[in-house]
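A.B. asks: Below, each chain spelled out in residue letters.
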Amino acid sequence: MPAYSTNMRLKLPILALIVQVLIIVLYGLFVVYDDGKSDHKDNHTSESHDSQPLALYPMFQDVHVMIFIGFGFLMTFLKRYGFSSVGINLLLAALGLQWGLLMQNFWHMSDGIIKVSINRMINADFSTATVLISFGAVLGKTSPVQLLIMTLLEITIFSLNEHVVVEKLEASDVGASMTIHAFGAYFGLSVARMLYRPGLRNGHDNDGSVYHSDLFAMIGTVFLWMFWPSFNSAIAETKQEQLMAVTNTYFSLAACALAAYATSSLVEEKGRLDMVHIQNATLAGGVAVGTCADMSIGPFGAMVIGVIAGIISTVGFKFLTPVFASKLGIQDTCGVHNLHGMPGILGGLAGIVATALGRKHNASPDKQAAALACSLGFALVGGAITGLVMKLPFWGQPPDQNCFDDSVYWEVPEEDEENGESLTHADHSKSKTEA
Amino acid sequence: MPAYSTNMRLKLPILALIVQVLIIVLYGLFVVYDDGKSDHKDNHTSESHDSQPLALYPMFQDVHVMIFIGFGFLMTFLKRYGFSSVGINLLLAALGLQWGLLMQNFWHMSDGIIKVSINRMINADFSTATVLISFGAVLGKTSPVQLLIMTLLEITIFSLNEHVVVEKLEASDVGASMTIHAFGAYFGLSVARMLYRPGLRNGHDNDGSVYHSDLFAMIGTVFLWMFWPSFNSAIAETKQEQLMAVTNTYFSLAACALAAYATSSLVEEKGRLDMVHIQNATLAGGVAVGTCADMSIGPFGAMVIGVIAGIISTVGFKFLTPVFASKLGIQDTCGVHNLHGMPGILGGLAGIVATALGRKHNASPDKQAAALACSLGFALVGGAITGLVMKLPFWGQPPDQNCFDDSVYWEVPEEDEENGESLTHADHSKSKTEA
Amino acid sequence: MPAYSTNMRLKLPILALIVQVLIIVLYGLFVVYDDGKSDHKDNHTSESHDSQPLALYPMFQDVHVMIFIGFGFLMTFLKRYGFSSVGINLLLAALGLQWGLLMQNFWHMSDGIIKVSINRMINADFSTATVLISFGAVLGKTSPVQLLIMTLLEITIFSLNEHVVVEKLEASDVGASMTIHAFGAYFGLSVARMLYRPGLRNGHDNDGSVYHSDLFAMIGTVFLWMFWPSFNSAIAETKQEQLMAVTNTYFSLAACALAAYATSSLVEEKGRLDMVHIQNATLAGGVAVGTCADMSIGPFGAMVIGVIAGIISTVGFKFLTPVFASKLGIQDTCGVHNLHGMPGILGGLAGIVATALGRKHNASPDKQAAALACSLGFALVGGAITGLVMKLPFWGQPPDQNCFDDSVYWEVPEEDEENGESLTHADHSKSKTEA
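Chains as they are written, first to last, in this note's numbering: chain A, 28 to 462; chain B, 28 to 462; chain C, 28 to 462.
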């Protein structure tokens, strides 16, 4: 492993510092404070937000918690990869929000400047969500350097797709089922396909959880579950639509949770619940209700979407993920296809149905369908290209035996590193002798 | 255990799905979005909330965190029951909030419909709190199916009591010391009495904590402690009363924390602190100041209440809980009598005193006393009936030896399941041979 | 150890109760609710806050989370000191906020009373932050009684310094780089110098982390990181300055995170990341941008400050902390010099530069420089005096071998106490025989 690590020795710091310096220069040239005078090209900022520049701040913080605690801890379920899960999550999101703010608003500059409002900070956080979703697909099998490259490329492509969907196709996607969840998932699956590891066909000792790592993951799950109403409503255009989005998401998630528990128990041989399902499928209702969160589908409609999402997500974890790995060469560590992929498509389809039923003013099923297809297309092609770039040997992809192991990239407390689990002091001295 | 599990195989999913479908039908018939036009029968919604439909949203999210993170993680102190603590907590609360919104507003329908406002979502979250408190009394000794039954029955009875207390008796209970905390505690104790297990008289190996499970529990404690001012003030009628409720709760909790630490050290033989006290008794001040949170008792009065609550709660854990188990046949796993029961009654009494002293306009000690008696009566009788229903063999109550053990209801990571604690890889192979 | 514990038996409860009773009496005499009628001596309360008394409540809660979850869990990295880290943190902060509110507003009483507004509750929380920072310097080496004494003295001295800096020197320090971070750090280092333990020169077995304790610490890190914009903006005078402070802190932290990761990898021999750096140095950008958070330094300027802070903080952990311990006799357990000390001074210097460049109306570099010198002076002298008081044998300072060990002050679950780490059941019986 020394050779491998030495290899990484300078690449991570040099890449991170160069990118950070570049971003600082770009911010010096283009980014200024929001002075409250709205540039009218930003169609998300309603008038009320201008007079109260911090009205959205509590929702921004909820989204912030989802990005950094939610996604970060959700991935700590792996027994030996918790440092990377929450640590690299922080690294990628910290880079992503800086890059995302540039990429997203590059299209909306007035007089060559970008004004930073809370609304745009929320959108910047959103852009990082795509990367964190894709990170879940390749978790444990990629180096930090590869992931920094993925962050830059994915957010660039995401911003392009978002621009097409929102500005050109004029589709509605307030909770971003299509542009974030489906996009992030299929982008990540496409990358995972490119980085397929035949050597991991039969699994890996560290590709699993222990008791307390599953509890750490539940911190992520529960914060995501609670704050999802903020995610889906933060950028709604009017307060009434915002309330509607909160309400729809609240009920969709509650119904989804029951469906996920029921399905998890149903598909397990002995009727037991599976932590993987509970950690993930309980959230599928938040994903699936995203596109039509601000449409008047009724609490009833939101709950139906939630139940369907909870069922297909759980069934996906049980039956699809193994097939993806064995037949399609897609090793999806966190099962993002089940949490973000299928529920994201379900959200897109629900949006088509809801607009066809006239549940949203100024929205049409044609545009919604085009937006869904567009997002999937950008994701699959963009992910494939990004995967090829990430495959270049230069970025230091870890060998199979070092996958799912923090000690490749982190100083791990000694006693843990040696044994994979915490030891008694008595055992400790013994194992030192043996080693 | 296979026989037992098979028994459960279909009951949990079938019950959960039937209830969810029933709820969806009821929501389709009765529940609509809030359109901002207040129906005047809802006496909690002040005018200012109507013009700003999301004004209460940050407080709603604080309460949400208390319900799902606070209660969920507080119960993870058990060494082998963390999955159930945080997982079943999520299941029950997700069901409870859907059911609670129906039950609570069944009394307030105008034109046969229920409008979902943030205020009502907060109240729906509140209704689940009663169930989660009672859950604490029977933690580790009940099946998920039994708990779903308890959720439906308890919230129904809670809503009836709340209707009587608020609408008929016109009592004041802004932070719900009586209607949530005392009610939930004595309901749960009544259930626990019905489900008394003589076989656990001498304790159970898994009815205890390990080092890191106590730290997980502190996540719950601290979030409850921090956000309790939101719990006690969320549904206050005016902004000035809301500020008063925040202030009273803030100081009551701070004073309570010091009293709990002092008492914990005092009652332990060697002067050490006990995690059980710190995890729970530090919160008693929030419970006890609930009823008079919006009364002008002064920061001084709030602190006095907090100190008394911290002392009686700690003393209860040390001296009462063992007596309850040995003499009264009440095995109160989390000690909810000490955290919610006695402090809830203290809160009710404080409300009687405060109204007698004229600290709240339009409130009388007679009505407050009636409300306290009414809540205790509904709790004890309702809990006893619910306990009898839960005792029906059909619901699959776990045998004594399977109590406090996640592996009955959950797929537990293999190495953990075998040994009750995490293992070194070396030990792991050895224990496999032995097994 | 019995002798030692018996020694403590009555001191902690008696001291805590006496102080709490004293505080209650003082609150009874001086503290009343905020009635919305601003006393004009409080220069932080702008008019808009008076008409909306709870406008700052969401930011207050963010700060609350930083104090109780952020600081508390950040210090759980020690393998055997998690109970004390999060538990004593709660005790000190609960006392500190009550004491802080008195001390800070003693200077601003009108008609002999103190009105409790949300703004003042935020400031009371702030005052506890100084104590929690200093706690980090002496973590594991002081008794709860010593720390209660430190809390009372440090907050008194802090309030005096704050009064001089804000009212007399009229310096600007919205995010309190100087008055909280630099003050708290150098106060704590000064105390640590007084309490120097030659017996710990060669380290201590328990002065380190294990895998899951590092993950618990990340809960603290990430919540601090996310909510720091609230800390730096909460008491800004106008909404526009508040937005500016949020924006500056958001970008400073993002840039700082990348710099900390890059530097951590750069300074480690094999290019690996060090959890100590990630847990701490990623936050240095929040500290360093504090003083000029409400100055128009531009996102560009904020990022430059963040990058410098991330680099010096990481370098400090790697190279300075060992030197402090070996050459200066300052054993800084959490490395607060690197997270709060140097970045705090950097923040003060940045404020001098920014005001010299005219980035804030009504602020001058002279006053800023005087404020920085004043804060450092009060911290070093106040810390030295406090350290001498804490050294009195009466307070029960733990002997060297009992440092970094919860079991001195806490009932620790039996199996853990014996072995320092969780055991298998099989091992458990064995080790009992051996012991």
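None of these hints come from the bench; they were simulated from the model.
By construction, the Cβ of each residue, glycine as well, lies at the ideal position given by its N, Cα and C atoms.
Any given hint could be a false lead.
[Unchecked claim] The calculated label-pair distances, taken between Cβ atoms and stated as ranges, are:
id	chain 1	residue 1	chain 2	residue 2	range
1	C	Phe-346	A	Ile-45	20 to 28 Å
2	A	Thr-265	B	Phe-421	44 to 52 Å
3	C	Gly-139	A	His-388	56 to 64 Å
4	B	Leu-355	C	Val-52	38 to 46 Å
5	B	Gln-267	A	Lys-297	50 to 58 Å
6	C	Asp-232	B	Pro-426	39 to 47 Å
7	C	Leu-384	A	Leu-355	55 to 63 Å
8	A	Lys-297	B	Gly-55	56 to 64 Å
[Claimed, not checked] DSS-like cross-link-like pairs, simulated, lysine-lysine; straight-line CA separation at most 27 Å:
id	chain 1	residue 1	chain 2	residue 2
9	C	Lys-195	A	Lys-38
10	C	Lys-38	B	Lys-297
11	B	Lys-297	C	Lys-266
12	C	Lys-345	A	Lys-38
13	A	Lys-387	B	Lys-394
14	C	Lys-64	B	Lys-387
15	C	Lys-38	B	Lys-345
16	B	Lys-418	B	Lys-266
17	A	Lys-266	A	Lys-195
18	B	Lys-387	B	Lys-266
19	C	Lys-266	A	Lys-64
20	A	Lys-418	A	Lys-354
21	B	Lys-38	A	Lys-345
22	A	Lys-266	C	Lys-297
23	C	Lys-195	C	Lys-266
24	B	Lys-38	B	Lys-418
25	A	Lys-418	C	Lys-297
26	A	Lys-266	B	Lys-64
27	B	Lys-266	A	Lys-297
28	B	Lys-418	A	Lys-297
29	C	Lys-64	B	Lys-266
30	C	Lys-266	B	Lys-266
31	A	Lys-64	C	Lys-387
32	A	Lys-195	A	Lys-394
33	A	Lys-266	B	Lys-418
A.B. asks: Determine for every hint whether it applies to the structure shown.
C.D. replies: Against the structure, the hints:
Under the hint 20 to 28 Å, the C-beta atoms of C/Phe-346 and A/Ile-45, about 24 Å apart, fit the expected range. A/Thr-265 and B/Phe-421 have their C-beta atoms about 50 Å apart, which keeps the hinted 44 to 52 Å range intact. The given range of 56 to 64 Å is respected by C/Gly-139 and A/His-388, whose C-beta atoms sit roughly 59 Å from each other. Between B/Leu-355 and C/Val-52 the C-beta distance comes to about 39 Å, which sits within the given range of 38 to 46 Å.
Separated by about 57 Å at the C-beta atoms, B/Gln-267 and A/Lys-297 satisfy the suggested range of 50 to 58 Å. For the pair C/Asp-232 and B/Pro-426, the supplied restraint of 39 to 47 Å holds, since their beta-carbon distance comes to about 43 Å. At about 58 Å, the beta-carbon gap between C/Leu-384 and A/Leu-355 stays in the expected band of 55 to 63 Å. Between A/Lys-297 and B/Gly-55 the beta carbon distance is about 35 Å. The supplied range of 56 to 64 Å is therefore violated.
At roughly 50 Å between alpha-carbon atoms, C/Lys-195 and A/Lys-38 are farther apart than 27 Å, so this suggested pair is violated. Taking the CA atoms of C/Lys-38 and B/Lys-297, the gap is near 12 Å; set against the 27 Å cutoff, the hint holds. Distance hint between B/Lys-297 and C/Lys-266 is unfulfilled; the C-alpha atoms sit about 53 Å from each other, more than 27 Å. Using a Cα cut-off of 27 Å, the hinted pair C/Lys-345 and A/Lys-38 holds, with the two alpha carbons roughly 20 Å apart.
As the CA atoms of A/Lys-387 and B/Lys-394 are separated by approximately 48 Å, the hinted pair breaks the 27 Å bound. Annotation: proposed proximity of C/Lys-64 to B/Lys-387 holds, straight-line Cα distance about 21 Å (limit 27 Å). Pair hint C/Lys-38 plus B/Lys-345 holds up; C-alpha atoms about 20 Å apart against a cutoff of 27 Å. For the proposed pair B/Lys-418 and B/Lys-266, the alpha carbon gap of about 46 Å is over 27 Å, so the pair is violated.
With a CA separation close to 25 Å, the supplied pair A/Lys-266 and A/Lys-195 stays within the 27 Å bound. Annotation: proposed proximity of B/Lys-387 to B/Lys-266 holds, straight-line Cα distance about 15 Å (limit 27 Å). Annotation: proposed proximity of C/Lys-266 to A/Lys-64 holds, straight-line Cα distance about 14 Å (limit 27 Å). Distance restraint check for A/Lys-418 and A/Lys-354: the Cα-Cα separation of roughly 21 Å lies within the 27 Å cut-off, and the hinted pair is therefore satisfied.
As the CA atoms of B/Lys-38 and A/Lys-345 are separated by approximately 20 Å, the hinted pair is consistent with the 27 Å bound. This hinted pair does not check out: A/Lys-266 and C/Lys-297 have alpha carbons roughly 53 Å apart, beyond 27 Å. Under the criterion of a C-alpha separation no larger than 27 Å, the hint pairing C/Lys-195 with C/Lys-266 is consistent with the structure, at around 25 Å. For the suggested pair B/Lys-38 and B/Lys-418, the alpha carbons sit about 15 Å apart, so the restraint of at most 27 Å is met.
Between A/Lys-418 and C/Lys-297 the CA atoms are separated by roughly 23 Å; this keeps the pair inside 27 Å, and the hint holds. Between the alpha carbons of A/Lys-266 and B/Lys-64 the distance comes to roughly 14 Å, so the proposed pair stays at or under 27 Å and holds. Restraint check: the Cα-Cα separation between B/Lys-266 and A/Lys-297 comes to about 53 Å, which exceeds 27 Å; the hinted pair is violated. Proximity of B/Lys-418 to A/Lys-297 is assessed by CA-CA distance (about 23 Å); at most 27 Å being required, the pair is judged to hold.
Distance hint between C/Lys-64 and B/Lys-266 is fulfilled; the C-alpha atoms sit about 14 Å from each other, no more than 27 Å. For the suggested pair C/Lys-266 and B/Lys-266, the alpha carbons sit about 21 Å apart, so the restraint of at most 27 Å is met. Of the supplied pair hints, the one linking A/Lys-64 and C/Lys-387 holds, its CA atoms being roughly 21 Å apart against a limit of 27 Å. Restraint check for A/Lys-195 and A/Lys-394: the C-alpha separation of about 10 Å stays at or below 27 Å, so the hint holds.
This hinted pair does not check out: A/Lys-266 and B/Lys-418 have alpha carbons roughly 48 Å apart, beyond 27 Å.
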